[in-house]
Amino acid sequence: MDPRHLQLDDEGRLKHFLTIDGLDRALLTEILDRAEGFLGVARQAVKKVPLCRGKIIANVFFENSTRTRTTFELAAKRLSADVLNVNINTSATSKGETLLDTLRNLEAMHVDMFVVRHADSGAAQFIAEHAAPFVSVINAGDGSYAHPTQGMLDMFTIRRHKGRFEGLTAVIVGDILHSRVARSQIGALRTLGAAEVRVVGPRTLIPADAEEALGVRVFQDLREGLHEADVIILLRLQRERMNGAFLPSEHEFFHLFGLTEQRIDGAKPDAIVMHPGPINRGVEMESGIADGPRSVILEQVSNGLAVRMAVMSMCIGTQNLAMASASRSAQPDQDATADLLAEELERG
Amino acid sequence: MTTMHTWQSTEEVEAAIAKMADKLGSLLAARAIDRPLMVGIHSGGVWVAERLHHRLGLQEPLGQLDISFYRDDFTRIGTHPQVRPSDLPVPVDDRHIVLIDDVLQTGRTIRAALNVLFDYGRPASVVLAILACRDGRELPIEPNVVGLNAQLEPGEQIKLSGPDPLTLRRGRVDPDPTQSGGEHPEAD
Chain A
1 MDPRHLQLDD EGRLKHFLTI DGLDRALLTE ILDRAEGFLG VARQAVKKVP LCRGKIIANV
61 FFENSTRTRT TFELAAKRLS ADVLNVNINT SATSKGETLL DTLRNLEAMH VDMFVVRHAD
121 SGAAQFIAEH AAPFVSVINA GDGSYAHPTQ GMLDMFTIRR HKGRFEGLTA VIVGDILHSR
181 VARSQIGALR TLGAAEVRVV GPRTLIPADA EEALGVRVFQ DLREGLHEAD VIILLRLQRE
241 RMNGAFLPSE HEFFHLFGLT EQRIDGAKPD AIVMHPGPIN RGVEMESGIA DGPRSVILEQ
301 VSNGLAVRMA VMSMCIGTQN LAMASASRSA QPDQDATADL LAEELERG
Chain B
1 MTTMHTWQST EEVEAAIAKM ADKLGSLLAA RAIDRPLMVG IHSGGVWVAE RLHHRLGLQE
61 PLGQLDISFY RDDFTRIGTH PQVRPSDLPV PVDDRHIVLI DDVLQTGRTI RAALNVLFDY
121 GRPASVVLAI LACRDGRELP IEPNVVGLNA QLEPGEQIKL SGPDPLTLRR GRVDPDPTQS
181 GGEHPEAD
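Going down the list, the protein sequences come from chains A and B.
Taking our numbering, the leading residue of the first sequence gets 1, the next gets one more, and so forth.
Taking our numbering, the leading residue of the second sequence gets 1, the next gets one more, and so forth.
Simulated pairs of lysine to any residue, SDA-like, Cα-Cα distance not exceeding 20 Å:
hint	chain 1	residue 1	chain 2	residue 2
1	A	Lys47	A	Thr70
2	A	Lys47	B	Pro123
3	A	Lys47	B	Asp87
4	A	Lys47	B	Pro85
5	A	Lys162	A	Leu39
6	A	Lys162	A	Lys268
7	A	Lys47	B	Asp93
8	A	Lys77	A	Arg67
9	B	Lys19	B	Asn149
10	A	Lys47	B	Arg84
11	A	Lys48	B	Gly121
Some chain B residues near chain A, calculated using beta-carbon distances under 8 Å:
hint	residue
12	Phe69
13	Tyr70
14	Val83
15	Pro85
16	Ser86
17	Asp119
18	Tyr120
19	Gly121
Worth flagging that the hints you see were computed from the coordinates, not collected in a lab.
Idealized CB from N, CA, C, for every residue including glycine.
Bound-form chain A, shown alone (with noise of 0.2 Å):
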């Protein structure tokens, strides 16, 4: 089934969390206004709300990743939900049955929401159609397809800078062929009306059809990328792609491609500078662009997790909604004794 209709019941409401593909600007702006409200949680003596009290989270990870499951697992807990954490070897045979396998073993256990990372694109979706009803399934990275809370996070970050979408021109450089943050960024700044996105980097890590496929305007050289730019977003440059054919060595990364003070330059002045880290310093950027003024790297941190407890939260509500339905049409004739025994009532 296409992702973009599976991760929506009928009336449009969001439960599951796949991809930002198919989300319309009204869901991602309505992502970005809940968890504004969760930001105000981190002040609080106690940090925790009850919406998801009675719940279990389970945290399957099938490619390790520790940032992103601890956010995932604050999230889970100042929802008050209970929290599982599954890390899986990849390595295990055949990947349909393991998968299969885990997500029975796991309901078994009762869990209303899987947080899934897997290295395979298209995981998320698969555990997403094989869950039983009333189980949300929260996309955490899968292979190049989508990271969507991260998209959503920078997202975030930027309207708390920035305000507004309409008008913005953003500079994605680096990785972009890998990248599912990328593409789960450049999905969210279109459907949210940044005025120009752009993607900065070695012809051999830009997709051959970027233009017409992401809508992006491609670049590969980074001043004239950076021109005029409001949001500059560096990717992480993963070191496994140094050794193949992608590209020559991270010091020739760095030569053409990492931001430093002289090529910031010909940005805005008040442009951010993002990373969804871990930051490899005088790869990406030189260390003082990390540490300046216009790095908004360790926000985005504290960001990713109100806007994980927004996605969660409304993913559970749903559910709630469809659940509580369900156990309607169940008993048709409840109200209907209720309303008689009302009347009983009345009359004494």
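Please arrange chain B on chain A, whose structure you already have, making use of the hints.
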């Protein structure tokens, strides 16, 4: 489908708030509370609290609570997307709190507001002041100060419209399960 009409005019609402301010002032004096923290419940409670805060000339800034994340009917209705961050300008620990809301019906909103307050700390005491009190209590919660008492027909709601001018309206509102606004029968 909404059929609401004015129950208390702006003048009547303002007079009721003036009366509340007098009662609240005497209550605080009797309890020897001199620097209370007044907290309004979003959104109608905040409008009433702003006026009471001004009339009583309180020193501490006004606080506000949004209780959407604490509602016990969230599982049925979902939260409203625009949740205002709760704002308590001073620590609540050992502080006397004056909690303000516009309408008291089931008591569930106040239960939720008390939970939020206690997640911020341990207040010395909490006093509850309500602009309009009606029947339908589902929890053992009673206000210390009441502006107006409403006798309503079954199925009728009251709602404060504001922020300026304030009027109280009453009438029937068809319950819409997707709305978490003040007119929902589960809400106060």
